[in-house]
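As they're listed, the protein sequences go chains F and R. 1 is the number of the first residue of the first sequence in this note's numbering; add one for each residue after it. 1 is the number of the first residue of the second sequence in this note's numbering; add one for each residue after it.
Some clues are possibly wrong.
Label pairs and their calculated CB-CB ranges [stated by the list, open to error]:
#1 F/111 to R/337: 35 to 45 Å
#2 R/125 to F/312: 53 to 63 Å
#3 R/256 to F/335: 29 to 39 Å
#4 R/323 to F/49: 32 to 42 Å
#5 R/128 to F/77: 39 to 49 Å
#6 R/47 to F/166: 43 to 53 Å
#7 R/47 to F/344: 29 to 39 Å
#8 F/123 to R/269: 29 to 39 Å
#9 F/299 to R/100: 51 to 61 Å
#10 R/322 to F/123: 33 to 43 Å
#11 F/308 to R/51: 43 to 53 Å
#12 R/166 to F/225: 24 to 34 Å
#13 F/322 to R/173: 37 to 47 Å
#14 R/324 to F/18: 21 to 31 Å
Everything labelled a hint here was simulated from the structure, so no lab data went into it. Built from N, CA and C at the ideal position, the CB exists for glycine as well.
Protein chains: 2
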Amino acid sequence: MKAWQDKVRRVTPYTPGEQPNKASMIKLNTNENPYPPAPGVRRILDSFDEDRLRLYPDPAATSLVAALADRYGVGRDQVFVGVGSDDVLAMAFLTFFNSDKPIFFPDITYSFYPVWADLYRIPYETKALREDFSIRAEDYYPDNGGVIFPNPNAPTSRYESLSLIRDVLDHNQDVVVIIDEAYIDFAGESALSLVAEYDNLLVVQTFSKSRSMAGMRIGYAIGQPDLIRALNDVKYSFNSYTMNQTSLAIGVEAVRDEAYFRRTLDMICATREAAKASFTELGFTFPEPSANFIFVTHPDYEAAELFKALREKDIYVRYFDKPVINRYLRVTIGTDEQMAALFAFLKSYMKKG
Amino acid sequence: MKAWQDKVRRVTPYTPGEQPNKASMIKLNTNENPYPPAPGVRRILDSFDEDRLRLYPDPAATSLVAALADRYGVGRDQVFVGVGSDDVLAMAFLTFFNSDKPIFFPDITYSFYPVWADLYRIPYETKALREDFSIRAEDYYPDNGGVIFPNPNAPTSRYESLSLIRDVLDHNQDVVVIIDEAYIDFAGESALSLVAEYDNLLVVQTFSKSRSMAGMRIGYAIGQPDLIRALNDVKYSFNSYTMNQTSLAIGVEAVRDEAYFRRTLDMICATREAAKASFTELGFTFPEPSANFIFVTHPDYEAAELFKALREKDIYVRYFDKPVINRYLRVTIGTDEQMAALFAFLKSYMKKG
Numbered sequence: 001m002k003a004w005q006d007k008v009r010r011v012t013p014y015t016p017g018e019q020p021n022k023a024s025m026i027k028l029n030t031n032e033n034p035y036p037p038a039p040g041v042r043r044i045l046d047s048f049d050e051d052r053l054r055l056y057p058d059p060a061a062t063s064l065v066a067a068l069a070d071r072y073g074v075g076r077d078q079v080f081v082g083v084g085s086d087d088v089l090a091m092a093f094l095t096f097f098n099s100d101k102p103i104f105f106p107d108i109t110y111s112f113y114p115v116w117a118d119l120y121r122i123p124y125e126t127k128a129l130r131e132d133f134s135i136r137a138e139d140y141y142p143d144n145g146g147v148i149f150p151n152p153n154a155p156t157s158r159y160e161s162l163s164l165i166r167d168v169l170d171h172n173q174d175v176v177v178i179i180d181e182a183y184i185d186f187a188g189e190s191a192l193s194l195v196a197e198y199d200n201l202l203v204v205q206t207f208s209k210s211r212s213m214a215g216m217r218i219g220y221a222i223g224q225p226d227l228i229r230a231l232n233d234v235k236y237s238f239n240s241y242t243m244n245q246t247s248l249a250i251g252v253e254a255v256r257d258e259a260y261f262r263r264t265l266d267m268i269c270a271t272r273e274a275a276k277a278s279f280t281e282l283g284f285t286f287p288e289p290s291a292n293f294i295f296v297t298h299p300d301y302e303a304a305e306l307f308k309a310l311r312e313k314d315i316y317v318r319y320f321d322k323p324v325i326n327r328y329l330r331v332t333i334g335t336d337e338q339m340a341a342l343f344a345f346l347k348s349y350m351k352k353g
Numbered sequence: 001m002k003a004w005q006d007k008v009r010r011v012t013p014y015t016p017g018e019q020p021n022k023a024s025m026i027k028l029n030t031n032e033n034p035y036p037p038a039p040g041v042r043r044i045l046d047s048f049d050e051d052r053l054r055l056y057p058d059p060a061a062t063s064l065v066a067a068l069a070d071r072y073g074v075g076r077d078q079v080f081v082g083v084g085s086d087d088v089l090a091m092a093f094l095t096f097f098n099s100d101k102p103i104f105f106p107d108i109t110y111s112f113y114p115v116w117a118d119l120y121r122i123p124y125e126t127k128a129l130r131e132d133f134s135i136r137a138e139d140y141y142p143d144n145g146g147v148i149f150p151n152p153n154a155p156t157s158r159y160e161s162l163s164l165i166r167d168v169l170d171h172n173q174d175v176v177v178i179i180d181e182a183y184i185d186f187a188g189e190s191a192l193s194l195v196a197e198y199d200n201l202l203v204v205q206t207f208s209k210s211r212s213m214a215g216m217r218i219g220y221a222i223g224q225p226d227l228i229r230a231l232n233d234v235k236y237s238f239n240s241y242t243m244n245q246t247s248l249a250i251g252v253e254a255v256r257d258e259a260y261f262r263r264t265l266d267m268i269c270a271t272r273e274a275a276k277a278s279f280t281e282l283g284f285t286f287p288e289p290s291a292n293f294i295f296v297t298h299p300d301y302e303a304a305e306l307f308k309a310l311r312e313k314d315i316y317v318r319y320f321d322k323p324v325i326n327r328y329l330r331v332t333i334g335t336d337e338q339m340a341a342l343f344a345f346l347k348s349y350m351k352k353g
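Sequences are here, hints too, so could you generate the full structure?
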């Protein structure tokens, strides 16, 4: 090893999920939306003045912040935007989790949490979910350096009620509590309704799922102005200009088209209901899904085996080779046609087996 | 102060440069390119399939990495891309400057260096430039935790020869040395020619200046594979998907059009030569400019006064209210027309004075 290598930050590298790219494939592995973004996006691309690309974007992302503030009925000083919710969450870890005490999050959850904690040398403790994958509020009562969990949780798709979140907040007034709502639009009520009441609550959402824009990398956080100011101070100390000109223009358009947003959400939720019935018919079980994916297990088939069989047919779902969840497959809700192809294959495969 | 605020990372917030946005203004304050991006960018926007936006981008940014590797004659495992060179540099600070020893950089330089050092709690020492703003190689000989400087330097516009860089590298084999070449295309030979020889050299460049794309946020680093691997490990631990679908498509197109790139570079360099003559005629002096800006001072006029007078006429240049450089203005090279308007105003203003 060379001397300069001593000074290199060692991390356990995060391996991004597989992004296969075949015309014929059925891609149900990364919780992308099966429907295109709002139709106005085409108009934005067509009318976009490319000369603007030579200019720095607005560092405060004012247009997008304003569109989100209006949409969610909060002040413009209550919205922070970033390059996908991963950027927003990474900034939030760096900004808010600066204690010697461990932060708490569930043992089965978004796999990036321990990676960010490792990157920024933040101590952490994971809290076991109940057998039904629900979160035990009491686990989050002891003294800690901060709390974060997704709602609905990933990869379980389970939604926790606002009363649980309120309970966690009431027992954690001295730390920042982050609710990662990447999938909330497919679920129940958002914790945004608690932001006015709790000045230590940060709610993080994304354009990647319900707004069909994983490819644009837009995420945001909403909280009281003190939290947002602290996030912006750190963001401006990292990279002042994170949101490029196209993200700003396209992002604003996506927020504006509420009707399209509702329509595609309804379609995905309807397909999810049908998928629940089809999985049940085939003998699968799953926690009640509240996201755009369903977390299924079968008593007679190994998840790894099904994953491999599907993959050979160019049907991609997500398999996690980790304790407990290695008996499950996470299946993104696609179009009705994609789901029909999935179930047709499963039916024929399981008949043979 | 509330208890949760104890855990918030305190930083001295970086204030991004002013981004005025008036139709009539002459914007010579943030070193943007006065010419639009490569004409192919229009075609990319027109033919861009918006349905792709629902999919995550390629986390490895393979298409853009390949285009840059081909352009610069290096391996694909030698190129790292990020959201502007600020993102690349911030990642490089986090990745490579992990020593208890201070990193070294010039006292007059890119104002983000101390901000990143502060953000990541990296000790640093600044080294005074000579009176002519040149870098003293010997200052970088003592034991340190890493070295970084821009070449050409900002805001001085001064270019250092490769022999100085080689000298610094020869005396710093045990740390990573970063040469920040945001403006190199307007200057002399790039340190890229030294990458094969020094495995601890990282060269950082950007699309924001010479490629007319400040608005797209694309930066990159080139170095030997070990350095790039370490950067990617940290990047994947922060945000796997930093480059959005439009950045990738537009970025590749900009790299391809070498003829347009050369033509606009030549135009800016020609305008710079004319600007040197005009500034000299008006009694200004400046270090020899090697970037797309010129750093001027006048024996009879306060820089702050000229800055204010220009601003009132909607001509924006950059003024730094800091010791030594507060006698200077940093003036971006615009189009010939923009420079003519600047000089017409200065002539009439200085006649009155």
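To see whether the hints hold, each was checked on the structure:
no.	hint	verdict
1	F/111 to R/337: 35 to 45 Å	violated, 54 Å
2	R/125 to F/312: 53 to 63 Å	holds, 59 Å
3	R/256 to F/335: 29 to 39 Å	holds, 35 Å
4	R/323 to F/49: 32 to 42 Å	holds, 41 Å
5	R/128 to F/77: 39 to 49 Å	holds, 40 Å
6	R/47 to F/166: 43 to 53 Å	holds, 50 Å
7	R/47 to F/344: 29 to 39 Å	holds, 35 Å
8	F/123 to R/269: 29 to 39 Å	violated, 53 Å
9	F/299 to R/100: 51 to 61 Å	holds, 56 Å
10	R/322 to F/123: 33 to 43 Å	holds, 39 Å
11	F/308 to R/51: 43 to 53 Å	violated, 29 Å
12	R/166 to F/225: 24 to 34 Å	violated, 51 Å
13	F/322 to R/173: 37 to 47 Å	holds, 42 Å
14	R/324 to F/18: 21 to 31 Å	violated, 53 Å
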